[in-house]
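Asker: So you can see what is in the structure, the chains are spelled out below.
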Amino acid sequence: MKIKAAIDHMDLRRFRFWFQLSAFLLLVYGGRLAINLGTSLPTFSCGYNKSGTAGVCYLLPLQHQLAQPWERLFSPAGVMVLSGLGIFLLWFVALNKAWCGFICPLGTIQDWITALRKKMGIRYSTYTDEQFKKLSLIKYVFLLILIFVPLAIGGQFLSHDWGTPFCQLCPARMIIPLFNGDFSQWVIDFSSTGRMVLTALGMFITGLFLIGSFLKKRFFCFFCPMGAFHYIFSKLSIFKLKKEGDKCTVCGDCYRVCDMQIKPIADDVVSKDILMDDCILCLKCVASCPEQGALRVDILGKTVFESTKGGFVKRMGLEAKK
Amino acid sequence: MKYRSVSFMIFALLSSASFANTQLWLSDQPPDKELLKNLQQSHGGLVKIDNELYSKQLWLRKGDGLFKSATVESASGSVHLMDTQQKVSEPVMEKITNSASLQFQMPEEGFYNAYYTERSVENNRLNVTTAKAEALKHSCRLGHNYDRKLVNPNQWADAPLEVIRLRLPEEDFHTRIHSGAVLKFKVLYKNAPVSDALVKLETQKGWVNSTTSDQEGIATFQIIQDNFAADSNEEQKKPSGKPTADTKIAEANKKPEKPAEHEKHSGKHAMPLSDNFLLSVEYVVPEKGQLDGKPYQQAAYTVTMIGSYSPNAQGSSSRAQALAYSGAGFLTLGIGATLYRRRRLKPFREVGFDEN
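Residue numbers (the working numbering), protein chains in the order written: chain Z, 1 to 322; chain X, 323 to 678.
Hints in this document: simulated from the structure, not taken from any laboratory.
Any given hint could be a false lead.
[As the list claims (entries may be wrong)] Once the Cα atoms are required to be at most 25 Å apart in a straight line, the calculated SDA-like pairs of lysine to any residue come out as:
no., chain 1, residue 1, chain 2, residue 2
1, Z, 134, X, 370
2, X, 370, Z, 158
3, X, 370, Z, 82
[What the hints assert, rightly or not] Covered by chain X, according to a simulated footprint, are these stretches of chain Z (three or more residues, beta-carbon under 8 Å):
no., stretch
4, 74-80
5, 210-217
The model shown is predicted, which means the values in this text are computed figures rather than measured ones.
Ideal Cβ placement from N, Cα and C applies to all residues, glycine included.
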């Protein structure tokens, strides 16, 4: 019980900072220590970070596999796609979307950029409800691109120059290798029309990422197809975010701390399973909730972290003021 | 210096003239577009994959160069195959869609060498023509912790005339040869390096260069920088720059009116051509003997080997433009957000109350 109370009262911000930093070092530099976590990681551990990556983001091999000739893809040999997906799911079910909130190196970089903005005293931006609804669809567009463009390549409707389309657009390809001193991805490739279009768009998106993350918390997570892909399988996960609507006073604290501006986390007092497609499971909502047991994290049906009055008071620094 | 360049020019002309016009080589480009459907592009060219078992199919081609060639209907020469562990077997060539073809399985990762050799005597001269192909089997699914020695070229001690491509620095199974790369080939006769063998390299775009092997049997070429900002499906532009003494833009650079056999297959939806340079080596030795009762006074050995190079990404990429594009993205959103914020700031307006 003491352990449970300690967890409920923990300084989530500090825990997350150190957890994210450790995960960042592991995924971005682990390759230098010969750590190899495979090629089905459910997070942006970028495969273009050749010298340092300890594992590869699943979206890269997925796009490669889907670009195989249809005769092969839709044959028994196509089982390899399912085996890759199976390994991805094994990783994913353990942590659900907490891969985004606690492990994703690109997410961590965005949090660091946000910390810089806070230090500089510049206020952050938010989306209006209307903007939120429209922009949150973009991740599904990216998801469709990363599935159907490779399929079109396999069907010989597009040339291989359009291969791995999302990776070409993803800012992680440019940003993460920089941490190993690799600047090689910062180029426009003019060798073909496809490469030129994709790399130019990729560079433009990288520019948007850098300033966007400065102005808006977790700017890119809003457009991330990995988040959309996660959501498809989130019901399978053993890691759940739960809400007890009858304990919620709709005070809105959880919404105010949410980097992703997810309104139902405060408004929805009916759903028990409160995980939304934009959620990154950073658990800031649980930490900021003053109501005992209104929000909680369950692993295999067992509550491991929940909102408590004591935890809220401690985290808000109200204890000292008393 | 001037004398040296003129003498080299004469030598180059003479040496290129000494090569037989018609060459024979092993290619993985099938003669029939239908056959392409069963193949897929892998590391090292086209392969057939059945239940994760890789196999390579090579076709014997004959012609004046990569542009003007056709598959050979029948092959009466000897065939040898060296596997990744350097074990040599003698597979048989088959006839598929009226073309001589060699098919072999590649169960292990690494390079397989295939050799097809023809021998004949004409005008008291023994002509030994060998077509060699290096076939790579590598699947990323098997991981990348393979023994790096497997990347090294395999050498057949009993080859009539052997040529091996020395590997690039830090070459692995993923390494591609790019235009502008410096390639080194080692020529061996009776398992020993030979100097002064004539070595010619021609590319699909018609660039031809000749040289001779040095004391260590090594011939060095720098592949021409001929990549341009053109889609691989679009017509490729001609190489630029003036031909130098040791660089001749061959007539073959002009595309033939009728497309060559494998050019027909490089349509919009076809696989990209994977063999786009042809290396040939000729070595003549005063050797006496008999073949099928025909005596000869000298022997001319020829070996050909196909290879591929692709556009140099560094040569067709721009870092300055990349920075410009990212800068454009940065500024667009930065300025846009700043203006949006300013527009939403309500200017101070004094509110007056009429207290009367």
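Asker: Work down the list of hints and note, for each, if the structure agrees.
Answerer: Each hint tested on the structure:
{"no.": "1", "hint": "Z/134 with X/370", "in the structure": "violated, 46 Å"}
{"no.": "2", "hint": "X/370 with Z/158", "in the structure": "holds, 21 Å"}
{"no.": "3", "hint": "X/370 with Z/82", "in the structure": "holds, 21 Å"}
{"no.": "4", "hint": "74-80", "in the structure": "holds (count 3)"}
{"no.": "5", "hint": "210-217", "in the structure": "holds (count 4)"}
Figure legend: structure checked against the earlier numbered hints; the only hint not met is number 1.
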